[in-house]
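*Asks:* Sequence:
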Amino acid sequence: MSIFYQDCWIEPKRWNCMRFHILTLFPEMTDSCLNASILGRAARNGCISFHTVNIRDYTENKHKKVDDYTYGGGAGMLMQAQPVYDAWKSVQDEEGKSVRTIYVTPQGRTFTQEMAEDMAREDSLIFLCGHYEGIDERVLEEVVTDHISIGDYVLTGGELPAMVMIDAIARLVPGVLHNENSAETESFQNGLLEYPQYSRPPLWHGKEVPEVLLSGNHKKIEDWRLEQSIRRTRERRPDLYELYIKKNLQI
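Quick note: the sequence shown uses my numbering, first residue 1, plus one each step.
Bear in mind the hints are in silico, worked out from the structure with no lab data behind them. Treat each hint with caution, since some may be false.
Computed cross-link-like contacts, DSS-like style, restricted to lysine-lysine with a CA-CA straight-line distance of at most 30 Å [as the list claims (entries may be wrong)]: (1) Lys220 with Lys246; (2) Lys219 with Lys207; (3) Lys62 with Lys89.
Starting from the given sequences, assemble the full structure and let the hints guide the process.
*Replies:* Spelled out as structure tokens, the structure:
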């Protein structure tokens, strides 16, 4: 079990921030990614923390084996229940309470911004990353609270999807982003895609910044941005546009 936080080893009970626990066979995948850039800075500042648990550390097999053949036949190996359960229980014991546990699987509900907002309200989360043909169903029934997917495709393991979800959730935690307003004005926050944005110079490759953005008239700028968001959503995500229209017709 490894607890990396602020370039030192500390006791979990001292944490005073949102905690992300990742149960994985490959902790090096998540450690190197999550402790970089904005998330790494937020961890060093004490806003969030990452706790990777190597499931292999909990196997009772002397060769550190964590998988076996599936009953009933079929291709591939399956992660066994015992090491997964013991790794999960070690986190529960450290937290001293029941922790919401997300199993990263293509069979789950598709992850959304709304789900990220809901999960960001938790004190801590556990992400269970599967490999091979998945994980013994019996332990999933015992420990998992949420089955979540990031899309209708299959990856080699759950670490990449877990990091995608952690990134989306962590940026909503107070203090993670320098500009707290930025998370409130981006895509999906109001059911629409974000409007196009521009920076200096005002003329680039013959393309000018829309005149309204240079006007200083905040009301006109707001109206323009909403119009652009609606147009972009209609063109790129007609499914979201339809939901937006239905919602606004009901108001």
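*Asks:* Now tell me if each hint is right for this structure.
*Replies:* Hint-by-hint comparison with the structure:
1. Lys220 with Lys246: Within the cut-off at roughly 25 Å; holds.
2. Lys219 with Lys207: OK: Lys219 and Lys207 at ~24 Å, within 30 Å.
3. Lys62 with Lys89: Status holds; Cα separation ~20 Å.
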